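**Q** So you can see what is in the structure, the chains are spelled out below.
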Amino acid sequence: MFATQLSVFVENKTGRLSEILNTFSEHHIDIRALSIAENSEFGILRLIVSETERAYDILKREGFIVKKTEVLSLQMEDKPGALAQLVDKLSDAGVGIEYLYAFVSREDGGANVVLRLDDTEAAQNLFK
Amino acid sequence: MGYWDEKKETMSREELTAYQSEKLVWQVKRCYENVECFRTRMDELKLKPEDIHGIEDLPKLPFSYKKDLRDYYPYGLFAAPMKDIVRIHASSGTTGKRIVAGYTRNDLDIWADGAARVLTSVGLGEGDIIQISYGYGLFTGGLGLHGGAEKIGATVIPMSSGNTALQIQTMIDLKATALCCTPSYAMYLGEEVQRLGVQDQLSLKVGIFGAEPWSEEMRKNIEAALGIKAYDIYGLTEIIGPGVSGECEYQAGMHVWEDNFIPEIIDPDTLEPLPVGSEGELVFTTITKEGMPMIRYRTRDICRLDPTPCKCGRTHYRMMKPHGRTDDMLIIRGVNVFPSQIEEVLLGFNDGEITPNYQIIVDRVNHTDTFDINVEMSEKFFADDMKSIQKLENAIVAKLRSVLGIGAKVHLVSPQSITRSEGKAKRVIDKRTI
Ligand SMILES: [Zn+2]
Chain C
1 MFATQLSVFV ENKTGRLSEI LNTFSEHHID IRALSIAENS EFGILRLIVS ETERAYDILK
61 REGFIVKKTE VLSLQMEDKP GALAQLVDKL SDAGVGIEYL YAFVSREDGG ANVVLRLDDT
121 EAAQNLFK
Chain D
1 MGYWDEKKET MSREELTAYQ SEKLVWQVKR CYENVECFRT RMDELKLKPE DIHGIEDLPK
61 LPFSYKKDLR DYYPYGLFAA PMKDIVRIHA SSGTTGKRIV AGYTRNDLDI WADGAARVLT
121 SVGLGEGDII QISYGYGLFT GGLGLHGGAE KIGATVIPMS SGNTALQIQT MIDLKATALC
181 CTPSYAMYLG EEVQRLGVQD QLSLKVGIFG AEPWSEEMRK NIEAALGIKA YDIYGLTEII
241 GPGVSGECEY QAGMHVWEDN FIPEIIDPDT LEPLPVGSEG ELVFTTITKE GMPMIRYRTR
301 DICRLDPTPC KCGRTHYRMM KPHGRTDDML IIRGVNVFPS QIEEVLLGFN DGEITPNYQI
361 IVDRVNHTDT FDINVEMSEK FFADDMKSIQ KLENAIVAKL RSVLGIGAKV HLVSPQSITR
421 SEGKAKRVID KRTI
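Same order as they appear, the protein sequences are chains C and D. Its first residue numbered 1, the first sequence is counted upward by one per residue in our numbering. Its first residue numbered 1, the second sequence is counted upward by one per residue in our numbering.
Keep in mind that the hints were calculated from the coordinates and are not lab data.
A few chain D residues that face chain C, going by a derived Cβ cut-off under 10 Å, partial list only:
| # | residue |
| --- | --- |
| 1 | Glu-376 |
| 2 | Met-377 |
| 3 | Ser-378 |
| 4 | Phe-381 |
| 5 | Asp-385 |
| 6 | Met-386 |
| 7 | Lys-387 |
| 8 | Ile-389 |
| 9 | Gln-390 |
| 10 | His-411 |
| 11 | Leu-412 |
| 12 | Val-413 |
| 13 | Pro-415 |
| 14 | Gln-416 |
Capping the alpha-carbon separation at 30 Å, the derived lysine-lysine pairs in BS3-like fashion look like this:
| # | chain 1 | residue 1 | chain 2 | residue 2 |
| --- | --- | --- | --- | --- |
| 15 | D | Lys-426 | D | Lys-97 |
| 16 | D | Lys-391 | C | Lys-60 |
| 17 | D | Lys-426 | C | Lys-13 |
All values reported here derive from a predicted model rather than from experimental measurement. All residues carry an ideal CB built from backbone N, CA and C; glycine is no exception.
Please construct the entire structure, taking both the sequences and the accompanying hints into account.
**A** Shown next as structure tokens:
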């Protein structure tokens, strides 16, 4: 299923990440999944949160640079090879993965994976 | 030590004034006839060339500005026909476009003469081997000193800048007796020479350094590290290039070649000329230059003129080291940089909407200027993937390099993280203590 991910600019400086995380906790926004891509100077914090629209508005209001991105969020069977199978399926269909990160769902304890794909439409047909 | 042109360099004040007056009248007339910008300003002041009888009338004349060189880019300020222009040089403008200067054959001679006088006054001449490690090209540093060095009959090594190891090897192998470069590069070369332990293999006697501010402290360090006497030289492309003024053997201020360039010191606020000896903004009038003459050009350099006699016997006033500017120009690694140039580049990457907040940080580490630009991240610059952001950052760096002529490190920082005072971000932090 498709989900909206929030991407936030984080300068690689002590305290910047906690500023963002504190903003969420102050406004009782639940972080479902999170990953960071970074170089020595800055990073991109990617989040799946409980109330995307509200979180987006709050971040903007607080002066953060934030973008919404459509990603694919899939639940996987929690068994060896599940992720490999998924990746194969995408590559067979010619869909490239820009990045992915995994998390464990709190509700059912199942393994989830978030994927950013270069061809969202093709992927949509694949996982209907 | 000798003179290059004893008659001119030791002219009495009376003779000099008479000479300047005659040349000024000639220059004003031809500028009025040939340069639209000047004519318009004269007309606005209801002044005719006939109203100018000598240098006592200099304060009546309108000022000229760096902005004029941009507004009349490229050739609008030339007073000689293009067929007589034999050389073009360029320098940074206040925005993306460079400013250009044109020289007639006679101008090149005046310029080389100025540099020759400086080189001679520090003891150089035939038999000397001068390594010129200023950049060659549109920049006036390399070819300016080159002209002077050839004129005095020295052997010229046109090294240009860069490749420190090769610079030192050349100096040693070719037995260079003099070095010309920026003072910060001289510091660096000095350190390398010390590190390699090759000072005793050098034949250097003197160094002539300019194009950026430097201190007495730096002078001492350079002199010790290279085993030389170090002298200051001054000039700017708008006026002609290095050799407008320079120090003599006494290292007590730079003699301004007043038979070619009349210096004035003005109050930058009231624009009134100040008595000789006062500190204020330096203004030059080129009275002999044909290609691109400048009448009362505001250099924006703050300094003082010393009219007292110099032990060397030269009568031309000495200008003390400029120690500030009346505008926001920075000199980084000898290159003139205006914050407005950086602003323009950043604006270009933001679809010309708004300029992202930025801050320029200049420092000096290991005697080399560091140049960093913090840019606040904006919606426009941000993307969900690192590749796109890095690509943008690289594009900004490349564009800045092509506009400024030197490299800057760009750092993308958090929005609102650049400190502001009264709502305005402080654009420049210059940590250099010179
Ligand atoms: Zn002197």
